[in-house]
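This is what each chain is made of:
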Amino acid sequence: MSIDMEQFKATFIEESLEGLDIMESVLLEMQPGEADAEEVDNIFRAAHSIKGGSATFGFSDISNFTHVVETLLDQIRAGEREVTQEAINLFLSSVDCIRDMLAGAQEGFDINLEQVAEVKAGLDRMLGSALETAVPAGAEPEDQDDTPAVTGWKIIFKPFPDMLRSGNDVVRLFRELAGMGEMEAVVDLEGLPALVDMEPEEACLSWEVTLFGNVGREQIDEVFEWVDGDCELSITPLGGDETSAVDTPAEGVPEAANPAPVQAAPVAQERRSSNDRRQGDRRKSRGSSENSSIRVGIDKVDALINLVGELVITQSMLGQLGEDFSMDKVERLKDGLAELERNTRELQENVMSIRMLPISFAFNRFPRMVHDLCGKLEKKIELKMSGEQTELDKTVMEKIGDPLVHLVRNAVDHGIEIPEVRLKAGKSETGTVHLNAYHQGGNILIEISDDGAGLNRERILAKAVERGLTNSGDNLSDAEIFDFLFQPGFSTADVVSDVSGRGVGMDVVKRNITALGGAIDVESRPGNGSTFTIRLPLTLAILDGQLVRVGEQTFIIPLVSIIESLQVEPSRVNAIAGSAELYKLRDDYLPVIRLYDAFGLKPDSTNLEDGLLVVVEGHGQQAGLLVDDLLAQQQVVIKSLETNFRKVGGISGATILGDGTVALIVDIGGIIELSRNGSKRANSAAA
Amino acid sequence: MDVAEQIASGLAGTGEVDGSQFLTFFLAGEEYGVDILRVQEIKGWNAVTPIPNTPDYIRGVINLRGTIVPIVDLRRRFGLEPMEYGPMTVVIVLKVMREDKGRVMGIVVDAVSDVYNVQDESLKPAPDFGSVVNVDFVQGLATVDETMVIILDIDHLLNSGELAVMDSAIEHE
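Top line first, the protein sequences correspond to chains A and B. Position 494 of the first sequence, counted from 1, bears residue number 493 in numbering that gives the first Met the number 0, the numbering being contiguous throughout. Position 111 of the second sequence, counted from 1, bears residue number 110 in numbering that gives the first Met the number 0, the numbering being contiguous throughout.
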């Protein structure tokens, strides 16, 4: 068969990663000592699918590894083993290992087998310890090495006719059985119809299988697990007398589970620390593959189909109207066009919503991260999350992940104090890190707040002075001082640790957020913690814009940047040294940027009072842009100039207007920067 | 590419296998050629949206079925006397390769001329004029019916060279 397995492989890896996410989140919620059957089932199912899939695709490393995990889980599921904190940690490390192995399988690079082996050894130890203690009970078939004569099973397997339709493959079942030991199978052809009556998709055969070898009943059950309910199955031991023994769980297991985790714990600990270090790299390598596909709820697709149906109806209605049009039908034409507009708008909204994902996708990794960091830093931290259902464009989500990790890590490492210090300060021992997301206007706001010590204003200022970023004694506002945090290489941490303190990060955080068209603010009160607020556009593809006219050209100013628009009152204009113009708006002086000047265009008039001043804010600065006229406000689809050209100063992109012409979108931060640094150049270009 | 090549040679109807085909156009009385496989379409001159603070030979950008495409005036690019755009003025939309990425750009020329088959061996290198004229972007000279056709290396002309020229142009202002 020449089926291209590659396409399925990608799906398998994607699904497995999802399965791992489920495992991870369930494990984190699990409390030692109380194994909720449903939770364990969830983990077990995920592990089982990964094992089955990886075996099918020939990733024997993964399937072998997962098999051990699965066996352990199965014992927990059957109540033979208690859930200990160590077991949970070990499972978490296993999740990491499998994730690494999957990444390796996907990218085709070699993964660190040592680590995998280490964790696997831990798992084996845990598994082995249970078996040792099971010996006194004398129950497990694996222990019956000394009596090989009775090991073997007789399996009668009669698939129901529609078993194959559910995607089960008999050949694979047998291959797995054959892998366990020597196997003899006798096929029963009785049910086989004449060739003319034969349904190719129906199973008509049945088998009688004799399996020799030291095989546990669970292993056989496992092989047939997926066909359970689709076939008639009877499994009887060849010896005939140890069935009951197999089904009874060993009594000694619960106590026995304890010594093993103790052995396993160091492994988990080591793993964790190395895991932290590598988390960044791994995410990067995964990031590249993440944007290849998107999972969409069926309801969203149905809504789209409905809308397209309506669109087709409207179109045919308009078409009919056009066949023999006369002026008395103009009302109906208007109605039709209004309908068309509504359809188009709804279609647009729906298509956009397909790209929207709840931010919980980005938040999900944090419980684990905070859990791990707490253990390492010996802090007690409760992670609160709210607004997880807030939806965000997938592209934005992918790019915001890393900055969020940095900020949460900082909050845990620098923000929250160690328990003793907290108690001394009269706070509760457990610190709180709060992640919150909500919509505001066309933006999504993400807040990362902690109730820790807060930012040390003096220390940041001292560091800034030391690094020559400012002169001491300046009257800087808190916001200005906290802004130094986002300077490259700026760190006030006394000790460079594994977690943070190298000063890389915050500048990258700011750069990433700015690149997304967002902004980040810091608020901090000494002793009460700090809050980082990230403001991001909901989507990168569409923008609410104000169309403005400068001379003969139309530009678009993002609506979110506009504070107000006003007519110029000449008496409020002051010019410093005859060139740098300032406009007095209430209590503030705004620099005036003449857009025609900055862009080298010919305006209607160079008189300030003939134009309009659009007050905008970008990069935390306000300015007044002088334009000739305000036109309509509309949503515009952002097109990149860089695809076929390059970046242009003061321009963030382009869009296509209703008449098919191109209009440029003004980059507010860029134009303020441009007018400050390069006004001379712009002037000479205009002259 | 193979299919495109077949179609291209099929259209010309000559059936010649070796050699390449070039679309030629006029610019200030001279005939220039570009590899026909790079030509995406030829269209008339329409108004463009100028891009601020760029050299004058970058006329601006147009909307080509949803894609923003920059338009370069080849006369101005070569420092020739600019000409009023008329009914013969055309924009040749080209695919320009840069490293592995392709970009779409348009060039404004006086008029399109013809499609020629040129044998690879009959493509002569341009003589070295030293520092008088920069012939870096000339791929070679071909002779068709006793007239000279200047074959352009568009990747060089509309790419790194252009960006470099553009940046330095801004600095020199």
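Any given hint could turn out to be false.
[To be verified] Examples of chain A residues toward chain B, derived with CB under 7 angstroms:
1) Phe644
2) Val647
3) Ala653
4) Ile655
5) Gly657
[Stated by the list, open to error] Straight line, CA to CA, 30 angstroms or less: simulated DSSO-like cross-link-like pairs of lysine-lysine:
6) B:Lys42 <-> A:Lys638
7) A:Lys333 <-> A:Lys379
8) B:Lys42 <-> A:Lys509
9) B:Lys100 <-> A:Lys646
Hints in this document: simulated from the structure, not taken from any laboratory. From the three backbone atoms N, C-alpha and C, an ideal C-beta is built for every residue, glycine too.
Tested hints:
Taking 7 angstroms as the C-beta contact cut-off toward chain B, the hint placing phenylalanine 644 (chain A) at the interface holds, the least distance being around 4 angstroms. A least Cβ separation of about 6 angstroms between valine 647 (chain A) and chain B falls short of the 7 angstroms threshold, and the interface hint therefore holds. At a threshold of 7 angstroms, the smallest CB-CB gap from alanine 653 (chain A) to chain B is about 5 angstroms, leaving the interface hint in force. Annotation: isoleucine 655 (chain A) was flagged as interfacial toward chain B, and the flag holds, the nearest CB pair being 5 angstroms apart, inside 7 angstroms.
Hint on glycine 657 (chain A) is violated. Least Cβ distance to chain B is approximately 11 angstroms, over the 7 angstroms limit. Restraint check: the Cα-Cα separation between lysine 42 (chain B) and lysine 638 (chain A) comes to about 22 angstroms, which is no more than 30 angstroms; the hinted pair holds. The suggested pairing of lysine 333 (chain A) with lysine 379 (chain A) is violated, with an alpha-carbon distance near 65 angstroms, which exceeds 30 angstroms. Among the hinted pairs, lysine 42 (chain B) with lysine 509 (chain A) is inconsistent with the structure: their alpha-carbon atoms are about 44 angstroms apart, more than 30 angstroms.
Using a Cα cut-off of 30 angstroms, the hinted pair lysine 100 (chain B) and lysine 646 (chain A) holds, with the two alpha carbons roughly 16 angstroms apart.
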